[in-house]
Amino acid sequence: MRHLLSAADLGLDEAVLVLDTAAQMAATQAREIKKLPTLRGRTVVNLFFEDSTRTRISFETAAKRLSADVINFSAKGSSVSKGESLKDTALTLQAMGADAVVIRHQASGAPHTLAHAGWTHGAVVNAGDGMHQHPTQALLDAYTLRRHLVGDGGRADVTGRDLSGAHVAVVGDVLHSRVARSNVQLLRTLGARVTLVAPPTLVPVGVHAWPAEVSYDLDDVLATGPDAVMMLRVQRERMSSAGGGFFPSPLEYTRNYGLDARRLAMLPDHAVVLHPGPMNRGLEISADAADSPRAVIVEQVANGVAVRMAVLYLLLAGGDTARGDAPAGRTADHQERTDVRTDETRTHA
Amino acid sequence: MSTSTPTSGPGRPAPDAEPTATGTTVLGPDDVGRALTRIAHEIVERNKGVDDVVLLGIPTRGLPLARRLAQRLAQVEHADAADLVGSLDVTMHRDDLAHQPTRTIGETFVPGDGIDGKVVVLVDDVLYSGRTIRAALDAISDLGRPRAVQLAVLVDRGHRELPIRADYVGKNLPTATAERVRVLLAETDGDDRVVIEGGTR
Numbered sequence: 001m002r003h004l005l006s007a008a009d010l011g012l013d014e015a016v017l018v019l020d021t022a023a024q025m026a027a028t029q030a031r032e033i034k035k036l037p038t039l040r041g042r043t044v045v046n047l048f049f050e051d052s053t054r055t056r057i058s059f060e061t062a063a064k065r066l067s068a069d070v071i072n073f074s075a076k077g078s079s080v081s082k083g084e085s086l087k088d089t090a091l092t093l094q095a096m097g098a099d100a101v102v103i104r105h106q107a108s109g110a111p112h113t114l115a116h117a118g119w120t121h122g123a124v125v126n127a128g129d130g131m132h133q134h135p136t137q138a139l140l141d142a143y144t145l146r147r148h149l150v151g152d153g154g155r156a157d158v159t160g161r162d163l164s165g166a167h168v169a170v171v172g173d174v175l176h177s178r179v180a181r182s183n184v185q186l187l188r189t190l191g192a193r194v195t196l197v198a199p200p201t202l203v204p205v206g207v208h209a210w211p212a213e214v215s216y217d218l219d220d221v222l223a224t225g226p227d228a229v230m231m232l233r234v235q236r237e238r239m240s241s242a243g244g245g246f247f248p249s250p251l252e253y254t255r256n257y258g259l260d261a262r263r264l265a266m267l268p269d270h271a272v273v274l275h276p277g278p279m280n281r282g283l284e285i286s287a288d289a290a291d292s293p294r295a296v297i298v299e300q301v302a303n304g305v306a307v308r309m310a311v312l313y314l315l316l317a318g319g320d321t322a323r324g325d326a327p328a329g330r331t332a333d334h335q336e337r338t339d340v341r342t343d344e345t346r347t348h349a
Numbered sequence: 001m002s003t004s005t006p007t008s009g010p011g012r013p014a015p016d017a018e019p020t021a022t023g024t025t026v027l028g029p030d031d032v033g034r035a036l037t038r039i040a041h042e043i044v045e046r047n048k049g050v051d052d053v054v055l056l057g058i059p060t061r062g063l064p065l066a067r068r069l070a071q072r073l074a075q076v077e078h079a080d081a082a083d084l085v086g087s088l089d090v091t092m093h094r095d096d097l098a099h100q101p102t103r104t105i106g107e108t109f110v111p112g113d114g115i116d117g118k119v120v121v122l123v124d125d126v127l128y129s130g131r132t133i134r135a136a137l138d139a140i141s142d143l144g145r146p147r148a149v150q151l152a153v154l155v156d157r158g159h160r161e162l163p164i165r166a167d168y169v170g171k172n173l174p175t176a177t178a179e180r181v182r183v184l185l186a187e188t189d190g191d192d193r194v195v196i197e198g199g200t201r
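Sequence order for the protein chains is V and G. In terms of this note's numbering, the first sequence is residues 1 to 349. In terms of this note's numbering, the second sequence is residues 1 to 201.
Derived from the structure by calculation, the hints contain no laboratory data. Note that beta-carbon positions come from the ideal geometry of N, C-alpha and C, so glycine has one too. Please note that a few of the clues may not be correct.
One-sided excerpt, in silico: chain V residues whose CB lies under 10 Å from chain G [stated by the list, open to error]:
#1 D20
#2 M25
#3 L314
With the rest of the complex left out, here is chain G (with noise of 0.2 Å):
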């Protein structure tokens, strides 16, 4: 699918594809798997093992990535899988919370010893505007001193508002601000998927 015409202006919808009520399925269950299992292996090629690494979820849907990540690196390296994950709710963080209705605020837990000193891999669903992500780097901020911390998406949407990357991308998705891009994940939705709604594709 990737770039569709950028010249279908607004209030011009697309001749063909007219979004269906479940939207454009960009990504399947094995798509999202083959896309963890790479990110896995980069961030032990990347840190050179696992011995440091701390995976810190994002709830509500970073936190089921976290853990199959951790699954996968636990497997690569012989580890413990649950000694890995973490929660890291960000919702006290925010920058929006006077725009939006008032959220639920999530779980935080770090395994171990704490993140003193390693290296937290953040772990999200979608990277959009980087608020989320500026937010978290707060929160870490508030639980301890780690050595280095990385970010790991399964899909980059783009239109950064802040000076923020990825260290590992499952996938790069070019998309409208007008689109909606939703992550499916069994543990929460039943399914894996990655859908685009809305907009004019």
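So here's chain V without its partners, still in its complex pose (with noise of 0.2 Å):
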């Protein structure tokens, strides 16, 4: 892995392998001392031209918690809003040694660019790009799922578990969604069933392409039992006012799509709530939801800071001579012998 882009960069194995990771990264976040000396020296630049609190906080926190060094940027308040292009900035980074960039931007594909334009050597992880993708979400998801439906809330080993079987339900604003689209592959990769739940004005042109179902009625849904259901932000800041004619109201939105104790009810006794954050409370989701003991929306952002460590790590880790040349060292002085006993203190066998 080099970059993490999209969500359909990562086969299975390698999913699991991230998942596999955070797992043992969630782990030491349950210790007195959380920070490890892996990244040490590194650097990391979260690089947000759109607004985010959970991701950014979220991206810096696994960064810190791993020792690398981490340089804050926002576009406002810095050169972009006196005109720099994206290319000016990414090579301003680079002069300063970014061996990461973590990049949020309102254009679909602006990570892409970023990554094999040559203006930065760093690996590249999308964290969220317009309408198009949001992978550390769905990683999150995935994880937060995984811990669920396969390992019983934590209670059972759920290492190298995929979730098949599972029949996952993404209610909501699909069409601004990039968290819904990083999910339908992730989740698919991982062997789950997704169904799309949406007005037919929120469901993107050439759906029908996706790897998923697609219902416009939530109640129907509901019925068949979904072992997860996945509540969308609507995403008012892009339609104009009052659902911009998305929807007639704000309120009839909630009685079709709106998850309130009554749907809740419907669902079986295991399943779970997700809701990515930050929630419209009263909109696509009731406070008897989003409060309610089988909501792990909370614990999804736990289970994020684990699973970006796990990404960092995976991108980070492995030096730039462990990418093709061959390990150095050791291979050079060989044949060099020990001599008879290499321990002082010790004559046995």
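Reconstruct the complex from the two isolated chains, following the hints.
Here it is, written out as structure tokens:
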């Protein structure tokens, strides 16, 4: 793995490796001393052109827990507001020696451009680009789902397991959601079945090509007993006022597609409720559902740090020499034998 | 077998013993078992019992060795073997991460109520440069503050790069750096054996 740009880049083995690594990272986060020396001396730049709370803090926490140096860059208050291009910003960061660039950008494909244009030598991690991809969110959702659906809430060992057999309903603003796009691909890779539920106006054109079923009726889908329901945020900043013609009114959206106490009661006992946040309480999810014991929304945030630690570890820990050249050292001085007894204190054997 | 001729220089293969694909077997199943039994008794003797002893195996092969040592300690001192064993993954504390392909991170767990005030016995299969043990010492300090740390290894092959030495050694094995010492265990490889591969023995 050189960059993490899209959930589609991950094969089954790679995705399971990230989840297993995240599980070991999560175990270290239960300790009194949470910091690990693994990425000492490496520099991670958080390049955020779009507003974000939890993703930026999550990446910053993950990098710091691995002892990397973190430089936070947000477009507001930087030279971007003076008209600096992505290229010049990237060249500046390269000159400062960034080993990894975590980028969130409003333009779909900006991370891909950054990774492949040769402006930076570091690893590029997509932290959300436009309406395209948000792979670490999909990974943390998959981690949370695996922990609950396969691992019985952390009571069983899930190392090496995927999500085969699970049925996940992804409900809400699929059209604007990069979280949905990444999740559909990753959950499919891990063997889960995905049903997208949305009003017809919020289903993207070309959805028939996605590896997912589509339904317009939430109650119908909940009646089939999905193992998990993932509520998506209605992205009103990407619509004009009052729903922008995507739905008649917020109240009608809530009645047809909101998760409330009645719909929560329809779910099987083992089912969990996810939400990538930030939540519009009262619109796509009611307070009853958001605060219920089967909502794992706060746990998703905690798991996000572990998953991002795993991603940074897998991208950065292996050195440049490990990516192709033979490992250095130890080959030059061969044929030099040890003396008869190697340890002065023991004369066994 | 022990020390072979130090005269065979680089590029000049030893005349008689051309190493086979499986290498030279140095310790068989019985030898491995006897070495572990002896180490177990030494641990009991040195620590006057096993009350405060915690065995931390370093994955992959240190962990099954630690489990076997714990069984022997349990037999000798009538303790519960499961309460004696933990696992200590040192991957994230290594100093050679940047020079190796990315390593998979193993499991870390400590038995019972942690390692504070205990005597930790690190268990690994082969002691070579000492760098793994250095990483393990760092990893231990993240878990707590043991009263003492001791080191048990099945094979000490020399070539230390750091001032580290083992307290309990199954077998001292003089080697050349070009050779490779592999410890095979029933739990991971189906068979107990210590094999030397490569080099010009």
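Outcome of the hint check:
1. D20: 8 Å, holds
2. M25: 8 Å, holds
3. L314: Holds. Min distance 6 Å.
In summary, the structure agrees with every hint in the numbered list given earlier.
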